[in-house]
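Colleague: Listed below are the residues making up each chain.
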Amino acid sequence: MSSNDVNITNDIKVKLYTLMLKTRLTEERIITLYRQGRIVGGVYTGRGVEGTTVGAGLALEPEDWLFPIHRDLGAHLAKGQSVLNILLQYLGRGNSLSKGKDSGIHCSDTRLNIVGNVSHLGHMIPVAVGTAIGMRMQGKAVVTLNFIGEGGSNIGDFHEGLNFAAVQKAPFVLIIENNQYAYSTPTHKGFSAKHLSDRAIGYGIPGFHIDGTDALQVYATVKAAVERARAGKGPSLIECLSFRMVGHSAHDDAFYVDKKQMREYEKKDPIARLEHLLIKEGVLDAPALAAIHEQLGQEIEKATQSALDSPLPEAHWAAEGLYAE
Amino acid sequence: MTEVEKEKLNSMREILLTAIHREEEAYTFYISARQCARTPTEEEMFNRLAAQEMQHKRALEIQLEEINNQLEMDRALSYDIS
Amino acid sequence: MAEITYLQAITDALREEMQRDPRVFLLGEDIGIYGGAFKVTKGLIDTFGEERVMDTPISEAAIIGVAVGAALAGMRPIAEMQFADFITSGFSQLVTNAATLHYRYGTAVPMVVRAPSGGGIHGGAFHSKNPEAWFVHQPGLKVVAPATAYDAKGLLKSAVRDDNPVLYFENKFLYRRIKEEIDPATEVLVPLGEARTVRQGSAAVIITYGAMLHAALEAADGLAAEGIEVTILDLRSLQPLDIEAILESVRRTNRVVIVHEANLTGGIGGEIAALISEYAFEELDAPLKRVAGLDTPTPYAPVMEEYWRPNAAKIARAVHDVVRF
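Residue numbers (the numbering used here), protein chains in the order written: chain A, 1 to 325; chain S, 326 to 407; chain P, 408 to 732.
It is possible that part of the hints are untrue.
[As the list claims (entries may be wrong)] Think about it this way: if two alpha-carbon atoms lie no more than 20 Å apart in a straight line, the pair counts; the simulated EDC-like pairs of lysine to aspartate or glutamate are:
1) A:K140 to P:D628
2) A:K267 to A:E325
3) P:K446 to S:E397
4) P:K586 to P:D428
5) P:K449 to P:D437
6) A:K13 to A:D269
7) P:K564 to P:E625
8) A:K140 to P:E436
9) A:K169 to P:E458
10) P:K446 to P:E587
11) P:K446 to S:E339
12) A:K233 to P:E458
13) P:K586 to P:D570
14) A:K99 to A:D269
15) S:K382 to S:E339
16) A:K169 to P:E457
17) A:K268 to A:E281
18) A:K169 to P:D428
19) P:K449 to S:D405
20) P:K564 to A:D258
21) P:K721 to P:E655
22) P:K449 to S:D399
23) P:K446 to S:D399
24) P:K446 to S:D405
25) P:K446 to P:E436
26) A:K268 to A:D211
27) P:K586 to S:E378
28) P:K586 to S:E390
29) A:K140 to A:E61
30) A:K140 to P:E457
31) P:K586 to S:E339
32) A:K169 to P:E436
33) P:K586 to P:E625
34) P:K446 to S:E390
35) A:K189 to A:D258
36) P:K449 to P:D462
37) P:K449 to S:E397
38) A:K15 to A:E325
39) P:K449 to P:D419
These are calculated hints, taken from the structure and not from any lab test.
Bound conformation, chain A alone:
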């Protein structure tokens, strides 16, 4: 199945738009809370990458497993995660998904088949491959989707995990979010290859290099790859090109970033692009868009309040839960 075979209904287009906007607004709220000193530790937002994260996340079925990394709030939300659960995580509340044990976006949700990441991002690749193989061994037609940044893709586990997946024809899809900066490292200092998707040739699997700011193209490409994997045709590598519109984390003012390039990508903002398309195609009009904004705003406000009112964890939980009984 190729991306051309994927039918993107208006319903899906609206979902993509709504989820991208939800992601953007939620992250803006997270940054506000961070600057207010209510969120401590690392805050990593994905402004500009929403087309990739939401486009890919929405291409999964409920029984598929998602292995997101730190800029993939869009994927968490696309899989069905609530803004409340995300805020509880960032605010380190006792009723958060990790009960305060892990930070921010590092959260698992077994009901949604989402596995939280470790900070050694590339280490999730073999794990995601293993889950795909393990599901297949149990006769389940399940696909696992994992993300890695273009910087993170240079770690050894990328090679080992993808090679293992290829040899095993694992039902696995790996997205490289090439937002062109790994912390302060621009791509030309990270790798020499013209396209990271060319690495797929080395593993004998299909590789794709697409515009990560085009949510529709991302959705179609990932959906085709996911269904190919489900049909037993093996893994795919999809490189989605975008631009990191903010610093590496909330503390980083990104003075090192090429400002000209950033201004170019401002014009390619994934949300604005899809919004123009929806209006142009007559799928949504201005009042409908305003209603979506309004509804999302209320949802986020309500979630923020509820999260702030939630209790902190008990300190002694730090000593508990090391082993499964």
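Go by the hints and put chains S and P onto chain A.
Modeller: Frame of chain A, contents of chains S and P only:
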């Protein structure tokens, strides 16, 4: 012994296997010789001699096991698939 | 009842657990048709097929990461490191992913990593390692080191049934040297966290595990001829450690020698010594002694390896030291 036989015996494993076989033969010899014993003392003598051969055999077998263990380990260390 | 070797006991444990539970599968290098570098998995592929006796690429990080992922999916993988030395290539997968998942998310990771450890086989620095201390130090892992054929079988079966990541350090020196009668009709299960008193004597206690149990037994025979009767405590489990058994043995003998083949500094002996000092200081009639490998990589030349490695003579000398204090 002949040159051909010497060639065969140039590994410790082969030496031990031959020595073990000889101990077994000696044991069998003493057990059958026991039938010629005319007195209980003589019978006891042959029993003791036979038992000694068994002890020698056991000592040699332990050495052989040790060599086999190391050969097995060397094969694994050499990543030898032959 | 025929005697079986330590190695055969491991094979039997694998076969029995795979027969008992279809979720149990093996993955490692050369374990399929070749039967493993040491022939531990010989014949298993004929019974269980190549999906459950999976030959992998040379990728220790992926082997362990895939095992983690498969465990998350509901399988119960047993990964094999061809030599324990190569576990370092997958170190991060163990300490970052396997060890922390349950603490952070309450997610069980039921997996075993088998690793042939130990020297005395002229293997040099990279085929002789005893790496257990690194993993005892990482919260969230369990570590066992059987010294007898019975324990090799019983601890492996228990490890497979444990819902946590368990490192099973089988000792290659013992593979074919140790034989025991084990009734194939009974279910052999040795609980984790339980030490075994192998010998009773009031002069001193030798606390040890792995291949060194047999050196300790040899030393004990020699000491008995001099009228010195020692207790020998085989730890069997290093994490969890049977602290009560250790302290009890100190109460009974008041003189302690700790023996492990792994090199001295940072080895488990230090942890045991600290525990004894903290909880049984007044029971000691002499400072304790540790007998361990030299603080160097393992040398290759047999005469140097002999010098490096603990043996019965060194253990007996240490017992003399504590007895004559």
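Colleague: Does K564 of chain P pair with D258 of chain A here, judged by a C-alpha cut-off of 20 Å?
Modeller: violated, 58 Å
Colleague: Is the straight-line distance between the alpha-carbon of K586 of chain P and that of E339 of chain S 20 Å or less?
Modeller: violated, 24 Å
Colleague: Are the Cα atoms of K446 of chain P and E587 of chain P separated by 20 Å or less?
Modeller: Holds - the C-alpha atoms of E587 of chain P and K446 of chain P are around 19 Å apart, at most 20 Å.
Colleague: Just to be careful, I want the Cα atoms of K449 of chain P and D437 of chain P compared with a cutoff of 20 Å; is the pair within it?
Modeller: holds, 10 Å
Colleague: If you draw a straight line from the CA of K13 of chain A to the CA of D269 of chain A, is it 20 Å or shorter?
Modeller: Within the cut-off at roughly 16 Å; holds.
Colleague: Given the hinted pair K189 of chain A and D258 of chain A, is their alpha-carbon gap at most 20 Å?
Modeller: holds, 14 Å
Colleague: Within 20 Å, alpha carbon to alpha carbon, are K140 of chain A and E61 of chain A?
Modeller: holds, 13 Å
Colleague: Mind checking the alpha carbons of K586 of chain P and D570 of chain P for me, to see if they're no more than 20 Å apart?
Modeller: Distance of about 30 Å is beyond 20 Å: violated.
Colleague: Given the hinted pair K449 of chain P and E397 of chain S, is their alpha-carbon gap at most 20 Å?
Modeller: holds, 14 Å
Colleague: So if I understand the rule, the pair passes when the alpha-carbon distance is 20 Å or less; does K586 of chain P with E625 of chain P pass?
Modeller: holds, 16 Å
Colleague: Hey, K449 of chain P versus D462 of chain P, does the alpha-carbon distance stay inside 20 Å?
Modeller: holds, 13 Å
Colleague: Under the criterion that the straight-line Cα-Cα distance not exceed 20 Å, is the pair K586 of chain P, E390 of chain S satisfied?
Modeller: With Cα atoms ~12 Å apart, K586 of chain P and E390 of chain S stay inside 20 Å; holds.
Checked against the numbered hints listed earlier, the structure breaks hints 1, 2, 4, 7, 8, 11, 13, 14, 18, 20, 21, 27, 31 and 38; every other hint is satisfied.
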